[in-house]
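Those protein sequences? They're chains L, X, A and P, same order as listed.
Start counting the first sequence at 543; every next residue gets the next number (the working numbering).
Start counting the second sequence at 543; every next residue gets the next number (the working numbering).
Start counting the third sequence at 543; every next residue gets the next number (the working numbering).
Start counting the fourth sequence at 543; every next residue gets the next number (the working numbering).
Hints are computed from structural coordinates only; laboratory data are not their basis.
This structure is a prediction, so every number in the text was calculated from the model and none was measured.
Some clues are possibly wrong.
If you only want the chain X side, here are some residues facing chain A, beta carbon under 10 Å, derived [as the list claims (entries may be wrong)]: (1) 561; (2) 562; (3) 570; (4) 592; (5) 781.
Positions of the beta carbon are idealized from the N, C-alpha and C atoms, including for glycine.
Residue-level listing of the chains:
There are 4 protein chains.
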Amino acid sequence: GDIGRLVVSCPDGPGIVALISAFLHRHGANIVQSDQFSTGAAGGRFMLRTEFHLTRLRERLHLLRRQFDVEVARRLGAEFRVRAAATPARVAIFVSRHDHCLLDLLWRARRGELPIEVVAVVSNHPDLEPDVAAFGTPYMHVPVTRATKPAAERVQLDLLRGEVDLVVLARYMQILSGDFLDRVGVPVINIHHSFLPAFAGASPYERARQRGVKLIGATAHYATEDLDEGPIIEQDVVRVSHRASVADLARGGADIERTVLARAVAWHCADRVFVHGATTVVF
Amino acid sequence: GDIGRLVVSCPDGPGIVALISAFLHRHGANIVQSDQFSTGAAGGRFMLRTEFHLTRLRERLHLLRRQFDVEVARRLGAEFRVRAAATPARVAIFVSRHDHCLLDLLWRARRGELPIEVVAVVSNHPDLEPDVAAFGTPYMHVPVTRATKPAAERVQLDLLRGEVDLVVLARYMQILSGDFLDRVGVPVINIHHSFLPAFAGASPYERARQRGVKLIGATAHYATEDLDEGPIIEQDVVRVSHRASVADLARGGADIERTVLARAVAWHCADRVFVHGATTVVF
Amino acid sequence: GDIGRLVVSCPDGPGIVALISAFLHRHGANIVQSDQFSTGAAGGRFMLRTEFHLTRLRERLHLLRRQFDVEVARRLGAEFRVRAAATPARVAIFVSRHDHCLLDLLWRARRGELPIEVVAVVSNHPDLEPDVAAFGTPYMHVPVTRATKPAAERVQLDLLRGEVDLVVLARYMQILSGDFLDRVGVPVINIHHSFLPAFAGASPYERARQRGVKLIGATAHYATEDLDEGPIIEQDVVRVSHRASVADLARGGADIERTVLARAVAWHCADRVFVHGATTVVF
Amino acid sequence: GDIGRLVVSCPDGPGIVALISAFLHRHGANIVQSDQFSTGAAGGRFMLRTEFHLTRLRERLHLLRRQFDVEVARRLGAEFRVRAAATPARVAIFVSRHDHCLLDLLWRARRGELPIEVVAVVSNHPDLEPDVAAFGTPYMHVPVTRATKPAAERVQLDLLRGEVDLVVLARYMQILSGDFLDRVGVPVINIHHSFLPAFAGASPYERARQRGVKLIGATAHYATEDLDEGPIIEQDVVRVSHRASVADLARGGADIERTVLARAVAWHCADRVFVHGATTVVF
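Just chain L, with the same shape it has in the complex (with noise of 0.2 Å):
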């Protein structure tokens, strides 16, 4: 309980490194590991994520965010997070029919293999909500139609102000308005079924065997208001033959997407990823 997360970005400059890491250890934290990027030296960004253990860690957060401000951030122009390790990010899942991604991440939140709580499932159908039940998880049904999509949006919104710390989208087949994310204020983390940016926009499998490919993927990216042109957190793909229909595409992608959103939100949720223009960092 005692390993704090601090995660920095800033302008890139001689001295950063030695600038936080002599803040830590005047502080008495002691870095357990650090990760940093710059994407170069002259006009660059810098970006360092390090777990450090400091006694006392949780009644001690709330100075140490205020320290490191003063202290560090102002003079490096830095954006940061500090925070405890070992508290779980709240978080949302919107599905619509397909429960592998969202039975995956509810299952995984259940045995600890995923720092997150759940805290609601959104949905636009009834279906999954016995599923969602027997995980003790609320199973919010907000109806979507075109002319009902904004009051839809609106319901959404109050569902989940100040609640969550992340949403995800498990295969809702919604697409969310750009004034949807503005105001959501959290990440929206997003599965799509092909691996980017091949196959973007609808029928990603049709078209992967109308294509004749060897290989399909999945690809887990921050939503934007540009339709499968957000960030990309990560990707894998599956290799499959001519004898694969549609339906068995889609089948033995559900493995590849669930496994790949299930890699994004753990990365996500551990402080792991950079948004840098258009592109992340992972470390």
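Following the hints, position chains X, A and P against chain L.
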């Protein structure tokens, strides 16, 4: 030396396997291995590849081919090939300045890993001549400019006419005209340095870096007039990190390019690849 | 529902495919897909798996089986099976306390991804009963101690007798006796949490960590009296780093375990796996 | 040319990163990239690899090394190396008759993909001399028989003394004596053609085929007196089918052997590999 290969493609229907296997049995050929696939029982295409053992194959091959034509192929409306498995394919390799795919094919051919005889290397640059000379393979330098391209293609066609069974574009940075592809009379395999259909066209590594993909790939396909749209034979990918520069991607990608191209050439030359519309069936 | 599956294994020799395909053609069955393999023309074993379409398959299946026996199998000295592809395999899953392989099989069965009906879950612990109940599958708690093991195995055998086509050990931490394996009368598939033959026996993740391997794996194999020595059906691996603790390896390994086991069960139940001595042929 | 590399290993404790980063900052070095790992805060080993930019690195390197020794290393009880990243490692490659690993290393070195200078190829056979000559690299034929082995090793040691930073065994089929390994004074990397610890010892492909594994692999490790037991640097695998003969496995395995060995050599020469007991940490 007594292993033969029979490749058949025809409209699907009942009794095809029975007809073909009875033919082989009747003529003393023993099936060693066989693959078949149909794109659909009703109106689909049936494809079959059989390896068989037949005593004194070479002296009987010509007759067997005629008998198969009369006794089987005409009844099925089938296209077919019969040949001795041990006969290497005669291959011309086109290359510009990148040596990795070329050298890999030459090495593999020399060590008996690929069932090919490289009869010529054709290049629009003189750079790789010494490397090719070390393998004892003829190197034909055919410079190409926008103005001289039609003439250059005629030279190339004259060099190849009747001499090769396959042309391999091993990072040949010129676009062959549709006219060339029509007239060359043999299949042309190209290696594209991306996981098609992602990053079709020029500069795939630059664009992969900009898009922030987590895997880069390579695609071997039959060359057609529609650039980067030909039927895909093989693809593979390799994981990359945010630390990789475009130059790193190009270096790392070279490995996957040469591996994918070598597989595609090996499979093609072993008669394992069937073109079906815009896709391939690979046994 | 009119797709049947024929599986044949016999000493290799000339004319086998001709004989079998003529039989199918004569009885109105149209071959949809076929695979065959021989371990060697002289003295080898021939194996064939064919999917065929036959109108009114179910009512004709019994007779077809007898005709094949008389007209083909006896002449070839062949073992064979013919059955309707749509009939699911009846499966009992044995498990101890790790839920990942069990839940994965139950999920896949429910969503129609695996052609199985899970008729019972048998466990030496009561822990997973609620999870299994949610799927409507009977849970049989059969405690096992060193002293009660023979009695427990008799109970298990009584439960399964005639009711199942396959037993799957989904991280069942008890060693089944040779006597049990003899008497159960159906194949038993086990998942081992290492890339066999590396780290056979207990505690593979601990030993993988000590040895410093860079990949960990899982192996699905038929259970035999020689522990971890049975014929391998499927294996796969995942990359690990020096940062992974034994607990991390166990967590990461869970994914590859359930994936490998699901593939092995799917392939077995689709009649794609032939045991040949200490190894398997997987079509 | 002004990029330096600092590698440190010492008992873990508080303030190490602060001390090292302050040192670099004080001497005008700007950290470009840094990795660190501890095997445990209490009693563990701390390892760090830093790339830094320092103007006029080469002329200041000698002094910087002495200053680091006095100002940092002695206080931490640390082992360390500082060197210019652009200086290639001097490598001797030992080989017998298989050319694939050797040629791959020579070719990668020539195209600048590996930061090495191959100063000599040493072989117990004359076969590969022409291939090596084409790269302009000296070839030293040192025949070895059971009787002449001690003398041969003395010849090899005389050839290498002070001339190399690394010895690579690229399918060298002789066992080097413990005495040789002691006296050679530089690390020795070996490639083993199996996924160790599976199939340690002779004839791994034969044994892989007998056991019926579904993946074959290769392992690059530091050579120690305990054959095939040295710390593993890198491993990878490739899928194989029941159709593959032992010769097919050897051919297919060659690709994975050369890939794995090239990675291991690249990582070693980039100072990314730390030996820790029987294992390695690879940044």
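Status of the hint placing residue 781 (chain X) at chain A (closest C-beta pair under 10 Å): With a minimum Cβ separation of about 9 Å from chain A (threshold 10 Å), the hint on residue 781 (chain X) holds.
Interface hint compliance - residue 561 (chain X) to chain A, C-beta minimum distance less than 10 Å: Nearest chain A Cβ about 8 Å off; hint holds.
Interface hint for residue 570 (chain X), Cβ within 10 Å of any Cβ on chain A: Hint holds; residue 570 (chain X) Cβ to chain A Cβ min 8 Å, cut 10 Å.
Hint check, residue 562 (chain X) versus chain A [nearest Cβ-Cβ separation less than 10 Å]: Since the shortest Cβ distance to chain A is 8 Å, the answer is holds.
Residue 592 (chain X) as an interface hint toward chain A, with CB separation required under 10 Å: 9 Å, holds
Checked against the numbered hints listed earlier, the structure breaks none of them; every hint is satisfied.
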